[in-house]
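Listed in order, the protein sequences are those of chains Z and X.
The number in the working numbering is simply the position in the first sequence, starting from 1, with 33 added.
The number in the working numbering is simply the position in the second sequence, starting from 1, with 273 added.
Think of the hints as simulated: they come from the structure by calculation, not from any bench.
Where hints are given, some of them may not hold.
BS3-like mimics (lysine-lysine), calculated; alpha carbons at most 25 Å apart, straight line [said to hold, decoys possible]:
1) K95(Z) x K284(X)
2) K423(X) x K80(Z)
3) K95(Z) x K80(Z)
4) K43(Z) x K557(X)
5) K595(X) x K80(Z)
6) K80(Z) x K284(X)
7) K461(X) x K423(X)
8) K95(Z) x K706(X)
9) K310(X) x K95(Z)
10) K95(Z) x K577(X)
11) K310(X) x K334(X)
12) K65(Z) x K427(X)
Anything over 12 Å on all C-beta distances counts as not near chain Z; from chain X, calculated [what the hints assert, rightly or not]:
13) Q374
14) I560
15) L584
16) E588
17) I591
Predicted, not measured: the structure shown is a model, and the values here were computed from it.
Backbone N, C-alpha and C define an ideal beta-carbon position, used for all residues, glycine too.
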Amino acid sequence: MYPKDYRYTKEHEWVRVEGDTATIGITEFAQKQLGDVVYVELPAVGKALEVHQTIGVVESVKAVSDVYSPLSGEVIAVNEDLNNSPETLNQDPHGKGWIIRLRLKNSADWEALMTVGDYERFLEGLAS
Amino acid sequence: MSYISLSEQDKKEMLARVGVSSPDDLFCCIPEGIRLKKELRLPPPLTETELLRHFETLGRKNKESAQLSFLGAGAYRHHIPYIVDYLSSRGEFISPYTPYQPEVSQGTLQVIFEYQTLICQLTGLEIANASLYDGASAVAEAVLMAERLKGRPKILVAGSLHPQYREVVRTYLRNLPLRVEEMGYDAKGQVDIETLKQKIDGDTSAVVCQSPNFLGVVENLDRLSEVVHQHQALFVVVVAEAASLGILQPPGAAGADIVAGEGQSLGLPLSFGGPSLGFMACRKEYIRQFPGRIAGETKDIEGKRGFVLTLSTREQHIRREKATSNICTNQAWCALKATIFLEALGQDGMHELAYQNIQKAHYALESLAAIRGVRRKFGGPVFNEFVLEFESGYSKIQNRLLANGIIGGLALGPYYPALKDCALFCVTETHSKDDIDRLAGLVVEVVR
């Protein structure tokens, strides 16, 4: 269910790192909690983000939720497809439903994030 | 709902339930030092007869409604067809509130939807909200919205924007890291385009102009829009006299990104300052940052047409402190009246209304400006208001008019020191030729 090579946050964001580029999205758990996503507010490309700064907003038919940046860096791409098909976020949250790509500023940020094992245990804790 | 007030027994039970011994204990969080420790100084109670007599006496102090008035300046006297009060007073409609259980109030939602549609048609924009409190707060909301969209710290405001609107905007922005700069007017009474070109820069979120402006002059919106958009700022157009939209080019067609205005002219009486009706519209692409309630059309599970409040995720009850505005209601009953007014007049009726205003105002302007010692102050095109300058000052004329049962135009000195000998006159379809001739006749007598 949750990709092994990703890292995770308590706010249910995921991160995939390739070289100095990080791709960020929200997890399967998050999309299920939100329900049908109707709108994703994306940041401007070029924006500098600090750890835990708001990236944007995911809006579903029943809730609105901020998405926080798990890492610091500069936004180098946003998933424009979400403008016309926000439902991608429900259908493929860990893949085509990615939200932004960052150029990493500090690779140590990564180490502070949860591994897949940590995250799954965290989710079990929420369920119990 | 029962309107029988609480019995002593009810009070005791309620206090026991929350765990306090007297109602005073509920105020324990208010510091001793600021509590009022004596009775309020109120007059003794009155019987119903006495109360009626009291208010009738007060009411007789109102001369305005009986007198001939040439005041405008943001509050306009227009004829209100009887159908407006008749229909809006029906029990099914008579609620000042936005519906809080929206989907059970299909009739109210349909009215709001129709109202929004009409505002879109008048302003030439794609999206309108369910209404706001008044023109001034609508302008402030438009400014805040522009800043959310652009994220730049500067707002340029025309000095010919209604002075009270400017004050309200400043109040809204007082504790925000935004600065407001004003632009003067030129000899025609229009926004000075050179000042605009000098002041606008990459820090500017929005340029706010009123048309017809507070000096009565219709702005050249196309020309202003061009400059505003060269700098990727948003163009906010303010309409304080909604009747002008019956004949002037819709601001949206002239490049406005957001239109904010006052809808009092659309079927609402002049009642000691309110209630009025703020309207607001914008381009569709800005809808996520748009404040206020929005009614939308939809289909129910049987495929029948129905209405809902939509895009509520912008609003305070869902977004909390990140909402686009703290507005979570609308001026529902005033918007209902405006809707009935607009639907009763129709497009042709609105055009006729606006046409009559122009014709009568221009007849008055020509009659008055022909008098020796009286001068038309600004050369720009006007709708139903115009500024006159009086060689020997305005106060003598104003007093003489008052003594003869006429309320003259608004003295502009308190708002614009440079216009101390000037007054803003308003003439609408409610004025007859005789009324205007009487006004001009008295002015001739005073200046002679």
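Hints and how they fare:
1. Among the hinted pairs, K95(Z) with K284(X) is inconsistent with the structure: their alpha-carbon atoms are about 39 Å apart, more than 25 Å.
2. Restraint check: the Cα-Cα separation between K423(X) and K80(Z) comes to about 14 Å, which is no more than 25 Å; the hinted pair holds.
3. Of the pairs offered as hints, the one joining K95(Z) and K80(Z) is violated, with about 29 Å between alpha carbons and a cut-off of 25 Å exceeded.
4. Our distance criterion of 25 Å between C-alpha atoms is broken by K43(Z) and K557(X), whose separation comes to about 35 Å.
5. Under the criterion of a C-alpha separation no larger than 25 Å, the hint pairing K595(X) with K80(Z) is consistent with the structure, at around 20 Å.
6. Only pairs whose Cα atoms come within 25 Å are accepted, and K80(Z) paired with K284(X) is rejected, the gap being roughly 58 Å.
7. Annotation: proposed proximity of K461(X) to K423(X) is violated, straight-line Cα distance about 31 Å (limit 25 Å).
8. Annotation: proposed proximity of K95(Z) to K706(X) is violated, straight-line Cα distance about 60 Å (limit 25 Å).
9. Of the pairs offered as hints, the one joining K310(X) and K95(Z) is violated, with about 49 Å between alpha carbons and a cut-off of 25 Å exceeded.
10. For a cut-off of 25 Å, the pair hint linking K95(Z) to K577(X) stands: about 23 Å separates their Cα positions.
11. The straight-line distance between the Cα atoms of K310(X) and K334(X) is roughly 35 Å, outside the 25 Å bound, and the hint therefore fails.
12. Our distance criterion of 25 Å between C-alpha atoms is broken by K65(Z) and K427(X), whose separation comes to about 41 Å.
13. No beta-carbon of chain Z comes within 12 Å of the beta-carbon of Q374(X); the shortest separation is about 17 Å.
14. Interface exclusion of I560(X) from chain Z breaks down, the closest Cβ pair being 10 Å apart, not more than 12 Å.
15. Look at L584(X): its CB is around 9 Å from the nearest CB on chain Z, not clear of 12 Å, so calling it non-interface is violated.
16. With a closest Cβ-Cβ approach of about 10 Å to chain Z, E588(X) is found to fall inside the 12 Å limit, against its non-interface label.
17. For I591(X), the non-interface assignment is contradicted: its Cβ lies about 6 Å from the closest Cβ of chain Z, within the 12 Å cut-off.
The structure shown violates the earlier hints numbered 1, 3, 4, 6, 7, 8, 9, 11, 12, 14, 15, 16, 17.
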